[in-house]
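A.B. asks: Hey, can you piece these two chains together into the complex? The hints should help.
The chain contents come next:
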Amino acid sequence: MEKFTVHTGTAAPLRRSNVDTDQIIPAVYLKRVSRTGFADGLFQAWRAEPDFVLNNPAYAEASILVAGPDFGTGSSREHAVWALKDWGFRAVISPRFGDIFRNNALKEGLLPVELPMATVEWLWDRLEAEPHTQVTVDLVERQVRLADQVWDFPLDDFSRWRLMEGLDDIGLTLRHEAAITAYEQSRPSFTPVITP
Amino acid sequence: PDLLYIDLHLLHEVTSPQAFDGLRAAGRKVRRPDLTLATEDHNTPTGYDDPAQACQRGALFTIADLTSRLQIETLRRNCAEFGIRLHSLGDANQGIVHVIGPQLGLTQPGMTVVCGDSHTSTHGAFGALAFGIGTSEVEHVLATQTLPQHRLKTMAVNVTGQLKEGVTAKDLILALIAKVGTGGGRGHVVEYRGEAIRALSMEGRMTVANMSIEWGAKAGMVAPDDTTFAFLEGRPYAPTGKQWEAALDYWRSLPTDPGATFDTEVTLDASQVVPFVTWGTNPGQGVPLDGVVPDPSEFPAGPERAAAERALTYMALTPGTPMREIPIDVVFVGSCTNGRLEDLRAAAEVIRGRKVADGVRMLVVPGSDAVRTAAEKEGLHEVFIAAGAEWRYAGCSMCLGMNPDTLSPGQRSASTSNRNFEGRQGRGGRTHLVSPPVAAATAVAGRLASPSDL
Ligand code: SF4
Chain A
1 MEKFTVHTGT
11 AAPLRRSNVD
21 TDQIIPAVYL
31 KRVSRTGFAD
41 GLFQAWRAEP
51 DFVLNNPAYA
61 EASILVAGPD
71 FGTGSSREHA
81 VWALKDWGFR
91 AVISPRFGDI
101 FRNNALKEGL
111 LPVELPMATV
121 EWLWDRLEAE
131 PHTQVTVDLV
141 ERQVRLADQV
151 WDFPLDDFSR
161 WRLMEGLDDI
171 GLTLRHEAAI
181 TAYEQSRPSF
191 TPVITP
Chain B
1001 PDLLYIDLHL
1011 LHEVTSPQAF
1021 DGLRAAGRKV
1031 RRPDLTLATE
1041 DHNTPTGYDD
1051 PAQACQRGAL
1061 FTIADLTSRL
1071 QIETLRRNCA
1081 EFGIRLHSLG
1091 DANQGIVHVI
1101 GPQLGLTQPG
1111 MTVVCGDSHT
1121 STHGAFGALA
1131 FGIGTSEVEH
1141 VLATQTLPQH
1151 RLKTMAVNVT
1161 GQLKEGVTAK
1171 DLILALIAKV
1181 GTGGGRGHVV
1191 EYRGEAIRAL
1201 SMEGRMTVAN
1211 MSIEWGAKAG
1221 MVAPDDTTFA
1231 FLEGRPYAPT
1241 GKQWEAALDY
1251 WRSLPTDPGA
1261 TFDTEVTLDA
1271 SQVVPFVTWG
1281 TNPGQGVPLD
1291 GVVPDPSEFP
1301 AGPERAAAER
1311 ALTYMALTPG
1321 TPMREIPIDV
1331 VFVGSCTNGR
1341 LEDLRAAAEV
1351 IRGRKVADGV
1361 RMLVVPGSDA
1371 VRTAAEKEGL
1381 HEVFIAAGAE
1391 WRYAGCSMCL
1401 GMNPDTLSPG
1411 QRSASTSNRN
1421 FEGRQGRGGR
1431 THLVSPPVAA
1441 ATAVAGRLAS
1451 PSDL
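So the protein sequences, as listed, match chains A and B.
Numbering follows this note's numbering, in which position 48 of the first sequence is assigned residue number 48; successive positions increment by one, without gaps.
Numbering follows this note's numbering, in which position 378 of the second sequence is assigned residue number 1378; successive positions increment by one, without gaps.
With the rest of the complex left out, here is chain B (with noise of 0.2 angstroms):
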């Protein structure tokens, strides 16, 4: 194979520990710690019981679970000795490592960028050949800044038309994913093409690009385009005067030829799409919030069939049911899906002067520190308060059952997340994955609902 460069390395707290403890038993050094940045995120608290905690956020002492503690303590140490930068708790730019890197304007147009993490496909967004990786191999870019890789298929995403109003970037994604199913881009580098990718803003193109990953493909891109440039300026790590001219000439020259061939091509008509659910334990269990929950039998016999079944018990649902006829306990508006400005502001518009319904949790998690403060800015705060909502702390909160937020066994939740799966936000716990204007209607519904059912 060949060896790829790798132009950025992200780092968190639970995949790498043991890729430190690898170098220090070879003896070798992280050959570009100026390459390598870290934060804090996954295991970490986003509330605190006692208000005087959240004012030293970030103290070991306020991490209740010690081994959690153990895991940031062990990151803070092995980042101090390697010489490697990290965003602590408590930084200003502390949050999830794919909302931090965009954040910072380090993800740029043509860079390849690895984490050890899945959605490590979202940084594809802005034309980087972005993928996630496992511990061996954050072992390995620390120590070589590179990895050997196979070069793979290509594949061409067309969406055609455009979104109608209402509909987002997350109902997109999900009707894709339901379209070619988990496995569907396995083995492919995928390019997000066509005029509905075009007119997402970067935070949308974010969020088809970071669930790649639930349909199998290997990373997700979207072609830099202005959208893009404009995003980048005057971002901390963006280049500036001549080099960012210099930047802008190459960024230009990246996007496919046309007329380029892809080894697979799937098309999409953006105007048929609309708010999308899942009812099921993948991704790929999806049905339009208009629809009923699938009756096993309509799929092929087989491990398809066999999949509806075991979903629908774990979910306890049963087939016919109106997706909008199901109860929800817990709403989650947060993670590196759905945890930008631009999201937690769509739910926002949909909650403003209504109220959480009765008996319904809902948690309001910005996926970084400077989104919860440019929200505070705006004031968001004050309408999730108003309504009833909990406003937390930047991290990756409920979308994993490893902190402290977490489902109870039996608990239902609608989640802008990106995954389902069995126990995903808790042992025994039930997730529908939703855009954020779909959670912040079911908050007020106490039901899966859209804006539009208020």
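With the rest of the complex left out, here is chain A (with noise of 0.2 angstroms):
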């Protein structure tokens, strides 16, 4: 995975909530069996709207998104995530996200950042006022930083160490191979398995 510790660049304020993962990209791109090439279908239906934030040449350029409450909520596809940096997006900013793409996030080094509502209106405001403005996300600090204000947001040791040293979850549980081997010979006989 790609380490994650400190990106600068400029930010989209996507005006919306409940973004569900259908809207980031659509069930007809999930037919593909590769995992790049996605960015053609991110947010595929929206981006026919002439006034739809992506379709802003002042956004070109934006690797930060800053959405509404509620983003990534619905199906598990990990193609949401994919497609989002695929576009060319590090960091994505909401005050809640779905579980899952939440999860899938973390795994593929896409920083998911919780803000307060309040923080994300401020900088949907300042960000279409100001569509060039430098936005810093800073994993190591734990902080979003912009030349006249600082906030910190929420995230787990864990998970933000494996993101800044680039961690292979699988590796990093193989280490425990003994512990998953005593525990399978302990589960129960009754327990189904499954005959090839």
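By construction, these hints were calculated from the structure, which means they are not laboratory data.
Because the structure is a prediction, the values reported are computed rather than measured.
List time: in silico DSSO-like cross-link candidates among lysine-lysine, alpha-carbon distance up to 30 angstroms:
{"hint": "1", "chain 1": "A", "residue 1": "Lys3", "chain 2": "B", "residue 2": "Lys1029"}
{"hint": "2", "chain 1": "B", "residue 1": "Lys1377", "chain 2": "B", "residue 2": "Lys1355"}
{"hint": "3", "chain 1": "A", "residue 1": "Lys31", "chain 2": "B", "residue 2": "Lys1029"}
{"hint": "4", "chain 1": "B", "residue 1": "Lys1153", "chain 2": "B", "residue 2": "Lys1179"}
{"hint": "5", "chain 1": "B", "residue 1": "Lys1029", "chain 2": "A", "residue 2": "Lys85"}
{"hint": "6", "chain 1": "B", "residue 1": "Lys1164", "chain 2": "B", "residue 2": "Lys1355"}
{"hint": "7", "chain 1": "B", "residue 1": "Lys1164", "chain 2": "B", "residue 2": "Lys1179"}
{"hint": "8", "chain 1": "A", "residue 1": "Lys31", "chain 2": "A", "residue 2": "Lys3"}
{"hint": "9", "chain 1": "A", "residue 1": "Lys85", "chain 2": "A", "residue 2": "Lys31"}
C.D. replies: Dropping the structure here:
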């Protein structure tokens, strides 16, 4: 996984709540068997609307998305994270994320940043007035910074460490292989097994 | 975080290919193919113009869309390479992943169940801890049979009283989501409790648990009881003899202790629940069928009001319109929410001897091939066909816009599925979530209706 420490870039204000993963990438794009190349499907229906924020050239270079509450709810499709990354986003700011999306993002090095609704509203106003505002997302300090503002955001220590080191979860888990094997010996014999 | 051992890992074609690629790239194996089961459901056709193709259901050439065909082919190759049991199209056990697990008796109380699919919460109806995961986590489970997990908060949903005649589990869960909002369950594992839940069949409990994710809960569970055990007994993967007795002892030890406390509690009076339908573009935007399209100004200013305004524009609805006056183009009965035998029976009972209204298309899609066979044994297919509905093969079908069953832009559906998101059933399609009896009555009336309106 790509490491994440500190990222500075411009940000796009997405004034919408309940942005479900069907909006982030519709199901027709999920037929592919690859892990990349999903940028063309990102917000596909909304991009047909001329005034959609990502159609505005001022936000063409944006690498941070600032959205309303309940971002990434719904379907478990990790393709939503892949599409956002393929488009060029490194972080998403929202007051609240769907659980599965948040997990997927953490696995893929797309940083989900939780800031209160009032802060998000403030950011929307600023980014709409000044699209080229530089925003820094600092995972080390767990802060979002503008030239004139600092906000702290929460993230558990384990996720932070994994992202900063770019660690592979499977490798970490396999360090406990002996414990897994021991547990397997103790599972009740009535639990079902499937014959291939 | 702790490592949670996974007792059952279900796979389907859409969220697994990249996970298998990851395994191959790292030279890893599937740790427990014997705890892993795959099926084909999302991306599959549920009907054939050419009857000769129906006889060869499952043959790759019958999947017309080449990208879809490749994805199915990829799943078959991956399962063969890693030694995983696959119920392909044409196999008697094929079906929607959340329908076949319980049907085979694989989903049992006290187990941990995951799948690269958010509606894995369905299996919680058996008192299993079941939740959806993303593709990276699918790869993690394939490689290690575990998942690192933080402990979640607990929530009790106390459903007091009894559902009135004609009110279903679907109405119950839609009413609950409208009450608590789509983010209401976030960070929690929920237990659905109370008299009304106890009175539900396993099918009804699955409908409720299925939609846990729609209000943000990580998982939703129902304590196992005699209804659960009766459902499981005799199923292919259920234990037998002494093992059954041992399992029963264990399962009976699982329910929450009396007087246990929860981090959060919600109460819903079942006797007040009426047939419920959605008007908007998330499952929390619902009202009683007797109600009207709400006015966005009734919502608090901010994201909720903005979402309501946007939803009404997308749904092309005017505030104040009675829900019963909304005309419908397509009716879909199916999905992992309401595609089981009990659901098909409920829809058939309403439509028996009646006709689907002119200009309305009705699709009836069994949740699994076994449901299809069982329904045909009871003659339900004849009831639907006589009414002018389409009787189709098992799969996710019109629940998501991924296979050939989709809405066209601007078409409006009454759907027994679980998501009314913008474009969920096809780009530009407009979805109203409903119960199976309301779906059937709507097909006859041509507008949203309940059986008592007919
Ligand atoms: S029926 Fe719908 S919700 Fe259920 S698994 Fe299929 S696509 Fe997902």
